[in-house]
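Novice: Here the protein sequences come in this chain order: A and B.
Under this note's numbering, the residues of the first sequence are numbered 1 to 198, in order.
Under this note's numbering, the residues of the second sequence are numbered 1001 to 1314, in order.
Zero decoy hints are in this set.
Selected chain A positions facing chain B (in silico; Cβ < 8 angstroms):
no.	residue
1	A120
2	R153
3	P156
4	L161
5	V163
6	T166
Listed below are several chain B residues computed to face chain A (Cβ distance under 8 angstroms; list not exhaustive):
no.	residue
7	R1082
8	E1083
9	V1085
10	T1086
11	T1090
12	P1092
13	H1095
14	L1098
15	V1099
16	F1102
17	G1281
I should point out that these hints are in silico values taken from the structure, not numbers from a laboratory.
Nothing here was measured: the structure is a model prediction, and the numbers come from that model.
Here a beta-carbon is modelled for each residue, glycine too, at the ideal position from N, C-alpha and C.
Residues per chain are reported as follows:
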Amino acid sequence: MLSHLLALLVRILVGARGFWVGCQPAATLRIYYANHTSHLDTLALWSALPADLRAKTRPVAAKDYWSGGGIRGYIARRGFNALFIDRSSDKRDGDPLLPLAEALQRGESLIIFPEGTRRAQALPSPFKSGLFHLATQFPDAELVPVYLDNLYRSMPKGTFLPVPLTCSVRFGTPLQRHADETKDAFLERARQAIVDLA
Amino acid sequence: MNPQEKFYWLMGGVAVLLAVASLVGWLLQRGAAHRGGSGVIDNLNARIRAWWVMVAVIAACFLLGKTATVVLFAIASGFALREFVTLTPTRPGDHLPLVVCFYILLPVQYWLISDGWYNLFAIFLPVYGFLLLPVLTAVSGDTELFLERVTKLQWGVMITVYCISYAPALLLVDVPGYSGQNLLLMIYLLLVVQISDVLQYVFGKLFGKRKIAPHVSPSKTVEGFIGGGLSAVGIGTALWWVTPFTPLQACGMAAVIVIAGFLGGLALSAVKRSLGAKDWGSMIEGHGGMLDRLDSVSFAAPVFFHLTRYFFEL
Chain A
1 MLSHLLALLV
11 RILVGARGFW
21 VGCQPAATLR
31 IYYANHTSHL
41 DTLALWSALP
51 ADLRAKTRPV
61 AAKDYWSGGG
71 IRGYIARRGF
81 NALFIDRSSD
91 KRDGDPLLPL
101 AEALQRGESL
111 IIFPEGTRRA
121 QALPSPFKSG
131 LFHLATQFPD
141 AELVPVYLDN
151 LYRSMPKGTF
161 LPVPLTCSVR
171 FGTPLQRHAD
181 ETKDAFLERA
191 RQAIVDLA
Chain B
1001 MNPQEKFYWL
1011 MGGVAVLLAV
1021 ASLVGWLLQR
1031 GAAHRGGSGV
1041 IDNLNARIRA
1051 WWVMVAVIAA
1061 CFLLGKTATV
1071 VLFAIASGFA
1081 LREFVTLTPT
1091 RPGDHLPLVV
1101 CFYILLPVQY
1111 WLISDGWYNL
1121 FAIFLPVYGF
1131 LLLPVLTAVS
1141 GDTELFLERV
1151 TKLQWGVMIT
1161 VYCISYAPAL
1171 LLVDVPGYSG
1181 QNLLLMIYLL
1191 LVVQISDVLQ
1201 YVFGKLFGKR
1211 KIAPHVSPSK
1221 TVEGFIGGGL
1231 SAVGIGTALW
1241 WVTPFTPLQA
1251 CGMAAVIVIA
1261 GFLGGLALSA
1271 VKRSLGAKDW
1281 GSMIEGHGGM
1291 LDRLDSVSFA
1301 APVFFHLTRY
1311 FFEL
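Using the sequences provided together with the hints, build the complete structure.
Specialist: In structure tokens, the structure reads:
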């Protein structure tokens, strides 16, 4: 119920229209990875998915920002069923990607932002290595590049009220890691796939 | 005739017109299907379908009354402003003025109409909005392309909020012997503007040869403007009974509406090109965006409003 309302609200507010450029919506195991410019990104990408896929897709959200007790935490847990990831390397114990791997093993698709933090620009910065590790551990998962347009203008870093621009969500052609590809080459190729959608 | 009867006759006429258009579209579609289909005819049919929806929305507003009409136009303005700003490059420093435009200036402008506060309605955006927006942008501290950014936002607000709000503002005009019928005057304006747009498009497609401004709007032709414009003035004259005007006055008013609407379409096409787009958006199938439908209204409404107010109000 809350999920549907939330998705509807996001769509009215910022459009969040999904354009399936390089693939079609499908219930296969997928890791959607996108450029990150705004707090709305997670919600926009998730709202652009068809409702049945939304139920089986878990956005990965920063624990320090989204897992609080207030309204943000409520939206993250009840609204879009977030999976929390610990960004601070000094405090965490064990493998930070473990919850993600477990979710993939359960057959849940993921939404991740491999830049690790929001950037105030149209094109993505270099990726952190999480995407590489997941691609190596789960060679069967489809890595779907997603370009989020205009959200950095709608609600840039440091602001709290979204401007209702028309934002689009473009889904590209899924890619997989080549067997002998190095980490840097893979991450750059994955990043380039998003740039190509821009 | 009382206003209610006028309304039903008017809407009945529009419905018949649309039914004929749908029938013609369907026949053309069938003819084109034998020859493998046609993009122009598909687009025509999409436009006709969208017209049914738009007419239904306008009719519903009339039946629901003044507040619903003002709210409808506020929403339409919001969509138009959204399209304008989406195509206009903005920087993070524009966020505050943008928020103010969408969440404060726009609602206040329409609230002033429903409140009947004409004097403030007329100067709120051109004076106070005009002065406020550069201040808000300056407060954000980003001076890169400052004047360009402020100007574009002011321009967008003036067209999509201020000028479009003149259509529902017709509710504020007090013409002796016409009280309680102002919604009909607004529908008259919309009808003449839109029929003029449609007929100019149709005449242009059928007979268009000489382009008026090939670089700005390749679909505007001399033949389309004259044929479509004159027909629209004819229809506007024939509808004099809806308005407080005599047939001759209605003819003059319709001519003003048609010319202002044409110029509006032309000017906004140029703006659109300079922003690098063909359509303002994609929300109305076949037509493009909200602003593609309201570009001519944004120019015709203020002119029609002031002429009516100046010559027909006591």
